[in-house]
Each structure stands twice: as structure tokens, then as C-alpha cells.
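K.L.:
Take a look at the letters that make up each chain.
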Amino acid sequence: MPDQTAIRCLKSGDIGGLETLIARYQIKAIRAAYFVTQDEQMAEDIVMDTFLEIYGHIHSFDESRPFQPYLMRSVVNKALNTVRKRRREISLEAVDGTGQVEKLLAQAASVESQAEYTALQNQILAAIAELPLRQRAAVVLRYYLDMNEAEMALALGAAPGTVKWLLHTARTRLQTLLGPQRSDR
Amino acid sequence: MKPLTYSQILDTAAAGCIPETIDLTPQILARIPVKKGKPMQPKMKLATILLLAVLAALALSTAAYAVYRWMTDPGLRSVQDAGLVTGLNITAQPTLLPTPTPNRTLQPASPVEMSQTLEGITLTMDWVYLDEGRLALGMKFTPLPVEFTLDAPKVSFTGINPMQALGYSQSLRTEDNQSVYVSYQVIHADEVNGKVDLSVDIPLVRISNEGRAALANFHFDLRDVPVYQGQALPIQQTYAVRHNGVEVRLKSVRVMPSTTEAVACYDFPTADAPFGYMQHATVQIGDGPEESYRTYEYLSEIQEDHCVKLGFAAGNAGGETRLVFRVHRLVVPLTMQDVLPAKRILAANQDLAQYGIEIEPAPAGQSEGPGGWRFVRKPDPGTDPVKDPALLVLQALEEKMDGPWEFYVDIPSDNLIPGQADPTPVPTPAALGEQTIDDVTVTLDWAYADAKRVGVVFTINGLPETPEATSLYGLILIKDAQGNPIGGAGVGSSSITRLEGQPGVLKVSYSTGFQEPLTVPEASFQLEVTLDGSQNNESIAGFEIPPEATPYPPGVFPPRLPDHLIGSYTFNFTVPVYPLVVIGPQPAVTANGLTMQIARAEITASTTEVMLCYAKPSAKDWWVMKATLKNTTEETGVKGGVLVMDTDVSLKPRKSDQWVAPAEYQNLEHGRCVKLDFLLGPAGQSEALMLTIPQLEQSGPEVVPDDELQAAREILRTQGIELDYTTSSSASGGGGGGITFTKLPEGMSQQEAYQKYQEALGYIYPGAWELVLPVQPG
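Chains A and B, in that order, are what the protein sequence lines are.
Residues in the first sequence are numbered consecutively from 137, following our numbering.
Residues in the second sequence are numbered consecutively from 113, following our numbering.
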């Protein structure tokens, strides 16, 4: 069932439409939320809340627009807000990850084996965790969810100039971490 | 290893913490409540209450107004009071055929009925309508799968290049599978011999999670499409709005049942801006809520600076006819390459102090954000994301401009195109001076004529009582004995009112002027009254609405009266013609160092025309905008006027013109003579008329130069007045501009403020001049 059909079913009261959308996107959504929150349970709660909010406002959803970017924008924004609200409960103070990133640079450039790659993955997660919150969200939107800058600006509620700035800083750190550009965008 | 994308790398990295086996479905479904009935939305409730209040206020105020005054023409009132009118002693002749509507008749659309089937979808081009200002296409299609849609038609005009292409609008209705498209451009019917060939392409598009993909292209060649003269299609939209020097242009609007798409282009907020950003824009369908955009896309394919396509989660499923698009804010975002002057960075601290933030210029490489600055102090951002210190700094540093730039769009509908009109009902023959069609009776009460104009008063009885109607729709014509319509002389009036305590009874007065003064003692005329609210007929007359009445909200329109075609009524009558008196030069009057003189006047019982001559204060266009004429019982303002002579302007004398400026004024520095028209005469009772000119006004330019505007603003600011200056143009080439007062001293009206604005610009020369005009040659 295509997304548009699922949304139309949901608008007409068929809850099966929601089940379809959850099954299709929940894993990616939870992982996106996890990158921002660094907390598995919080990520799951965020995705559940997001699906419930979409369900509540589905009558105003524009069927001609793709559903996935809308869902992911909602998830990342909710993750940002949730982390900010719980800031006193979990330590998310930004630290300077530059030194750590520089150490990873040489390893990332010469990954050839699965073992090395697996090791590098953990370090990638750690490096992302060290990014300031908004840069972390920018990285998720750009590199995990493949959004362009205009879409990111909309998602973050920020002007394109702000997005460029966030990405500029984050990119410096992550390109160091991930090696030469591998993205196809 | 095979290279992976960043997304794949990150996905596998997260898989260790978030495995594929997680399923939130049961937990989500368990939290969905059982649905109950859907209440009316609070905003809709408020809108409904407001509308009812407005309608009630209109009804009450209109009825009250009718108690003491109904006919707005002082000249006709005077001649009626003086007993110069002819009563109900006339013959009536029913009209058996429909009354032809002259001039701006909406011609029928041309049937096309061409169909194509592509990808299982059949698209039928139903009809096409083309006049000198608008193109309309009517289409229908077989049901579209949810992932399919039709893009806007791309129309080519074979062999000609239309001028002034000023955008388009389209409604795409999936509930009944129809679409109407209207575009605005200029074609001269004479230059294409009244017809043109069109080529129309309509892409069929599939929308999926991967984006939009063109599947097929419907193509129609339309031959010999008639080009009607004029602009008759009753549809309009704003094309460009200029607000405080920055212009936004609305290129297109597509309205679907649940969504709307707008393409707009805009100037840079500042000339050296690297790029702009439309930070806040909304659309409002009918009287619904304003919806902010959900999607924002730069359009690089439009060869014009700064064009964006905005998507809104608001559509038209309820037959609304009006849409309002508003741009509320433009900003110039900063980039990492920007290095702002230290003065500007430090000035931002004034705004930032309220958040506990202070910044200072940062050396190269140490900037904490775009613009070259760093924090001196900043608070913990707390839990509110909009209080992110870095974001607040950016907002303080970014150049921004607030609107609104406001655009009104009539949503295209096939209701605008005439279908099979109902045949005109045949009126029931009735007694002299009174006719009835379908229980609606028109009675001719009295008629009057003088050398300059003919007027009638008639009563309509039997239309539904519609207090909220603002106009009576249809057509009114007075013809001479040969059957030629009278008019075009720039003289005339119309008024209508409801009679208190008599529901459904309307009184109408109407007059029209002769091209040449009548010189006969009596004359015969024919009055035709057509009551028709079915399509685009013109308004016969508008009800008086007190200035304090609350206007209808945007997109809300009053009901039509009548709401369908009733029929045509015809009356023949013969009345005496009161003569014309010509008055020569009168003594000059001086005030504030400037002398004025009535050089000539033409007076009938119900009209006065005077030629007023004076030396202007300067070479500029000093005009009489305000003037008052009094007889013994009535007073009126100037109805119209023309420039007769100006020694600073070269004017060709008009053919057969009796109004020639005296020689002494033709040789005077800055000499000028103007002819002023008034719908008031002596009515056979006054021995003299009094003409008062309070001031001369210099006409302003279409756009007030910035330096003049700035100087005026400085003056007005000392008087507690502040204003915005905006210009706009519509898709049909018209438009206008003006000021919006943003701050006024307590108790000052808009009218008073405007006078102050004119004075501040130096556009007023105060008088007053009081001139006595005898009504008989001396």
C-alpha cells in the first residue's frame, strides 16, 4: 500500500493506514531520534508520540506531499525539544570533539576490513554524541535522512543561513570522522 | 569493502542500539482514543459569530439610515421639492424579448470537447474562453489515483507573443474531477483578426516518496479560438505588491481540495543581500484560518531573482471563491562569509539585553556564528528552543522587513462562465406605470428632464427582503424617442434604499446626461429596468452603507439581490424639458494671495457646470479637489471636472467645445481654467448659488520620491503620525498604492491624518474662496 493510500485510509477512519506507516518508518524514525537523544527509550517514546500527533492531525495532511520527510522532520524536532527539556537530567554539555575527530581521521581514511569498519562505527556514534545538540540534529537531517538545506531549514525552523552555519561546523567534524565524501548527494 | 553512503554508514552504526526487531505498533494503537463527534473548530465559531454581528450591524444601520435620507442626488431632490417632476401619468409597454446587454457582456466560452487517454487517465478539454485580458480553460478528467496529479497547463499562443503575462491561478477539484485554469495576459483582438490558435500541454505527474516524476503529457491544439474584445471575465487577482520599497510578485496559485501551492518572487530586502528568505507567509481560504507554509522550495528555473514555491495544508473543498496570500516577513540571513561592522554587532546588544546576552566582534576564525561575533555572556537556554542564544543573536543581526504583502485571488470556477441561461420570463401586462413579472412589481413614480439630463424614480415591490445585500443587480437604460441609449456625457446618478416598515420594497432614483443639451420644450423617453443577479450584470445601484459599518471580511461577499434573472420592464414617458441658462464672467475673489474667478457657467434646474480660472501657486498640477455648491435648501460636493486650459501644459482644444478660457488667463503665468460639475441647480427657487473652494491640492506622483516621503515622515513624526508606504499592481495591469497609518495621535481620524500627510508633502494651498453665482444672466 503506497503512503498516499495509507493516509487516505487513515483519513477515512481505517486504522490500518496507520499500521502501514508505522511498520514502514518506525525503525528509521527511532534511529534518527536516537542519534539526537542518545537514549533508546527516549527515542522510542518520541516516535510513538510523533505518530500519535500525526494521527490526531491527519485530516490536515497534504496527501500530495511525501510522508517520510514530514515524519522525520517531526521526529527530529521533537527529539531536540525533548532533550532540551531534560537537559538537567542527562549530561549533554558540548565538549570539543576536535581532538578525538583528528585521532579518527587516519583510521577512517584506510578502512578496508569489516572488523575495522565495526570499530569505526562505534567511534562514529561517540563522535556524534559529542556534537552540540543542534549540530547533531543538523547531521541527522543532512547525512542520515538525506535532506537538502532548504528542507533542513524548514525542519529546524531556521533560516538557510543558520543551517549553513550548523552544517559547516558539523561537516568539518564529520568529514574528518567519515573520510572522503561518500554521500551520493 | 563496497563504499557506503553516509546514510548507510549511520544506519548500520545505529543498528546496534536500535535493532530491526523493534515494533511500536501495539503500544501506539493502544493509546489511540475512541473517537467522538467532531466539534466546530473554535476559530470557525468565532468567525461565524463575527460574520453574524457584521450582518446584523449592516441591517440595523441601513434601516436607520433610510429613515431620514434615501436619494443621494441633491439636484433631483431639489427639483422634486420644487414640483418640477412629472408624476404617474405615462404609458407602459411590456418587453417581450430579452434585453440585450450592451458593452461588457460576458461572451460564451467556446466548446472544445477534445479528449486524450494516457496512462489510463482520460483528460477532456471542455471549453476555452479568451478575451483581451484573460484566458480560461475548463477541463475534466477520470479519477486520478492518489499518487497522480495534473500539473498546470502550459499554453502557447501560435504566431503571437502576448504582452504582460501576469501569472495564473488554477483550481483542481478531485471531488468532481474538474479543473479551471485562468491566466492573465494582454492580446489585442484587432491584431489577431479576432481569433488565435492555442497549443496546450498538461503534464501528468506521479508523486512518490522519491519525488515527482512526469509520466505523460496531454497535448491539445485549439484552432481559431475567438478573442473577445475587452476584459469581461469577472475574475481577478493581485499580481504585485510593493511595500516600503520592496516588491513581491505572485506568479501562480494552485488550489486543491486540501492543499494550496503558491509561487512568489521577491526583491532583495537590501540591494547587496546575498540571498533572501521568506520567513513567514500564509494563505487564507475564504474566512478560514491563516495557514503558514509547510513546504518551501527555491525555484532556480524561473529566471528572476528569488522565486519560491510554497506549499500550504489548506485547500478549497467547500466552494470558497476567494483566497488571500500574505507574506509577513522577509529576512536576509547571514552566512559564515559575512563579517558585520563592529558597530552593527554592538548595536544588537540593545535587543539582546532582554535575554541576558551580550556579544562583541570576533577576530577571524573565532566567530561563534555567521557575521563575525562571539559571546561575552549568555544565559542557559533553558527548556525553550526559541531561546537558543545563538539563534537569538542571529535574529538580532539579520536584516528583516515586515509586511504584510497581501494578495487577493479569486479562485477559478466554471460558475464564472455562462452556461445555458434561462430564457427571459415574459412580463405580465399590467396597469399604466406598473408592471409585474413573477410577483415582482416595478412602478415608475415620476420622471424629470432638463437640458442636461433625464431622471426617474421608481419603486420595486416583491423582491425578497435581503438586509445584507449591498447592491441591486441588473441593468437600467433610458433611451430617446428613436431608441438610442442616453449617456456617456459624464452626468448622472443612481441611488437605492429600503423603505422603512415595508419589507421587500425598494426605491430607486436614476439619472443620465445628454451628449448635447436638449433645446426642445418637451421630449419622450423609454425606461428599461432589467432585474438580473444571475451572472455578471452590472449593479443598478448600491445601498448606502454608513462609514461606521464593519466591512465584510476578505473572501466574504454579500448575497446578490435578486439572486436570479427576474426579467425586463419597459416604460414610455413624455416630460417637459427645463432650459439651460449660460452665465458670463463673475467678479474675482482673492484669498491667501491667490485670485479666482468664475469665467462661465451653465445652469439647469438640477445641474451646474462652472469654469473656474486662477493663477496656480507654481507650475505644478494644482487642482480643485474639494468644492461645495449650495442653493437655498441643498448642498453638494463636486461631481467631476476637466482641465480647460493650463499655460504650463500644452492642451489641444476639443472639438465643438464651448468651454474656452478667457484671453487674460491664457497669457497669465501659471494660468489655469478648470470646469467643475455639480449635480445641483437652483431648482427654480434659488436666485443665486454659492460656490466654496476650501483649498487647492497638488496631485501627487504615482510613487512619492523617497526623499520627499522621508521629509514628510519627519514632519509627521513630530505630530505623532507614522505610516507605511505601499504600492501594488494587479494581474490585469491595474493597481494602486498608498499609505497605511501605523500610529496616530489619540482622537485623530484617518481623514484628518491624510490631510496632515498632504500638507507635510507640501501638496496643499489653503484658501478659502467663496464665489457667488447668479442663476440668471445679468
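It cannot be assumed that every hint is accurate.
[Said to hold, decoys possible] Pairwise CB distance ranges (calculated):
#, chain 1, residue 1, chain 2, residue 2, range
1, A, Lys147, B, Asn329, 26 to 32 Å
2, A, Asn258, B, Leu256, 46 to 52 Å
3, A, Lys147, B, Pro817, 50 to 56 Å
[Stated by the list, open to error] 20 Å max Cα-Cα, derived EDC-like pairs, lysine to aspartate or glutamate:
#, chain 1, residue 1, chain 2, residue 2
4, A, Lys214, B, Asp500
5, B, Lys455, B, Asp500
6, B, Lys421, A, Glu287
Hints in this document: simulated from the structure, not taken from any laboratory.
Don't be surprised by glycine CBs; every beta carbon is placed ideally from N, CA and C.
K.L.:
Hint by hint, say whether it matches the structure.
P.N.:
Verification of the supplied hints:
no.: 1; hint: Lys147(A) to Asn329(B): 26 to 32 Å; in the structure: holds (30 Å)
no.: 2; hint: Asn258(A) to Leu256(B): 46 to 52 Å; in the structure: holds (49 Å)
no.: 3; hint: Lys147(A) to Pro817(B): 50 to 56 Å; in the structure: holds (55 Å)
no.: 4; hint: Lys214(A) to Asp500(B); in the structure: holds (15 Å)
no.: 5; hint: Lys455(B) to Asp500(B); in the structure: violated (23 Å)
no.: 6; hint: Lys421(B) to Glu287(A); in the structure: holds (13 Å)
The structure shown violates just one earlier hint, number 5.
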